[in-house]
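Enquirer: Here is how the chains run, residue by residue.
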Amino acid sequence: MKFWVVPFCVSLLLILFLAPACLAVDEGQARSAMVEADQTIKNCYLAVAAADKAGGNVSGMLSVLQDAGMLLSKADLAVGKGDFDSAYSLAVQSKASLDGFVIEANSVKDAAEHSGFMDFMINIVGSSAGTVAVVVGGFAVWFWLNRRYSKVRYVEQDESQRV
Amino acid sequence: MNLSEYKVLFIVITAVVALFVASPVLSRVLVYPRTEFFSEMWLLGPNHKAEGYPFNVSRGQNYTVFLGIGNQLGYCAYYVVEVKFRNETQSAPSSFGPIENRTPSSLPSLFNITAFVADEQNWELPMIFSFDYVSENKFQVVFQSLTLDNEVLSLEGYVASWNATRSVFFGNLMFELWIYNSQATTLSYHSRFVDLKFNMTDY
Numbered sequence: 001m002k003f004w005v006v007p008f009c010v011s012l013l014l015i016l017f018l019a020p021a022c023l024a025v026d027e028g029q030a031r032s033a034m035v036e037a038d039q040t041i042k043n044c045y046l047a048v049a050a051a052d053k054a055g056g057n058v059s060g061m062l063s064v065l066q067d068a069g070m071l072l073s074k075a076d077l078a079v080g081k082g083d084f085d086s087a088y089s090l091a092v093q094s095k096a097s098l099d100g101f102v103i104e105a106n107s108v109k110d111a112a113e114h115s116g117f118m119d120f121m122i123n124i125v126g127s128s129a130g131t132v133a134v135v136v137g138g139f140a141v142w143f144w145l146n147r148r149y150s151k152v153r154y155v156e157q158d159e160s161q162r163v
Numbered sequence: 001m002n003l004s005e006y007k008v009l010f011i012v013i014t015a016v017v018a019l020f021v022a023s024p025v026l027s028r029v030l031v032y033p034r035t036e037f038f039s040e041m042w043l044l045g046p047n048h049k050a051e052g053y054p055f056n057v058s059r060g061q062n063y064t065v066f067l068g069i070g071n072q073l074g075y076c077a078y079y080v081v082e083v084k085f086r087n088e089t090q091s092a093p094s095s096f097g098p099i100e101n102r103t104p105s106s107l108p109s110l111f112n113i114t115a116f117v118a119d120e121q122n123w124e125l126p127m128i129f130s131f132d133y134v135s136e137n138k139f140q141v142v143f144q145s146l147t148l149d150n151e152v153l154s155l156e157g158y159v160a161s162w163n164a165t166r167s168v169f170f171g172n173l174m175f176e177l178w179i180y181n182s183q184a185t186t187l188s189y190h191s192r193f194v195d196l197k198f199n200m201t202d203y
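Those protein sequence lines, which keep their order, are chains A and B. First residue of the first sequence: 1, per the numbering used here; consecutive thereafter. First residue of the second sequence: 1, per the numbering used here; consecutive thereafter.
One should not assume that every hint holds.
[What the hints assert, rightly or not] Computed Cβ-Cβ distance ranges for the label pairs, DEER-style:
| # | chain 1 | residue 1 | chain 2 | residue 2 | range |
| --- | --- | --- | --- | --- | --- |
| 1 | B | 126 | A | 55 | 44 to 50 angstroms |
| 2 | A | 151 | B | 28 | 42 to 48 angstroms |
| 3 | B | 99 | A | 32 | 35 to 41 angstroms |
Just so you know, the hints here were simulated from the structure itself, not pulled from any lab data. Backbone N, C-alpha and C fix where the C-beta goes; we use that ideal spot for every residue, glycine too.
Generate the whole structure from the sequences, applying the supplied hints.
Expert: Structure below.
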């Protein structure tokens, strides 16, 4: 047997025994990941609430947020059971599932605000202006017709008097 | 031609056209404004009706109910439903008095269900649950776990004593509604809960 085989085997065994302990997540790391995930969910909620208020369609985004929230609840449950590896993994999954969420929510909000502005211009400003135009136009046409037919009547009366 | 004969007709036509053009504005202005803002919470039985709720419960048997939330708050809401379990003597959420003064059960939450609901929308979740418990003697049931949608929730330390008056081992599964307050950045009890009362049978 070669001289390096025994130290090599001992080192390998040590690595095999110690690696899980080194890689294992402690309670602090799990809770820290959960706090981060919780804060991300709250930030995403505020963004999606703003998009909803602007009139955007947020049903798909709420579903994503819902799933992230459930993952965090499961992480909380895992912490209660002392399963910090699972808790950490679930918290990380929860946070990762919301990558790019705020940007998407903001773009939905911007699109909804633009659409709301166009809607306001057409349905409120356009409609109001159109109504005023119809009423004013109606009066104008009426006065124009009145004046024209009173002139015609005057000419007809004048001609009949001459005859 | 006498124009004054057509005066009424002209006014009517102008008014009809003006109303037609003004209809988009009127449809918004003449809507009665919302004055009541609230949340709804409900629990339906296995047939999606308010009937057939489980009462006589057997160990290990699956039961299905539907938990629902309706949002009429005027904004998209972030709700958390805290699942709690109690026996006859443990703290229950208060049901009487002004709604803003009602308090939740002081028991710890076994599991939190998150729900994000847009304004004027409903959210519903079918839930399958089962209990694991043992009858320690004729007068006491000792709970071990509650399985809710494949999540095993520990009920260690929960016991139900025999109620001779009602002839039941009383168990009470509660769903309390909490809401996220973005100003205070905390969850607060939303003064609403639904619950299921059980008799933990020995079979």
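Enquirer: Evaluate each hint against the coordinates.
Expert: Here is what the structure says about each hint:
Between residue 126(B) and residue 55(A) the beta carbon distance is about 30 angstroms. The supplied range of 44 to 50 angstroms is therefore violated. Hint check: residue 151(A) to residue 28(B), Cβ distance near 44 angstroms, so the stated range 42 to 48 angstroms holds. Checked against the given bound of 35 to 41 angstroms, the beta carbons of residue 99(B) and residue 32(A), roughly 37 angstroms apart, stay inside it.
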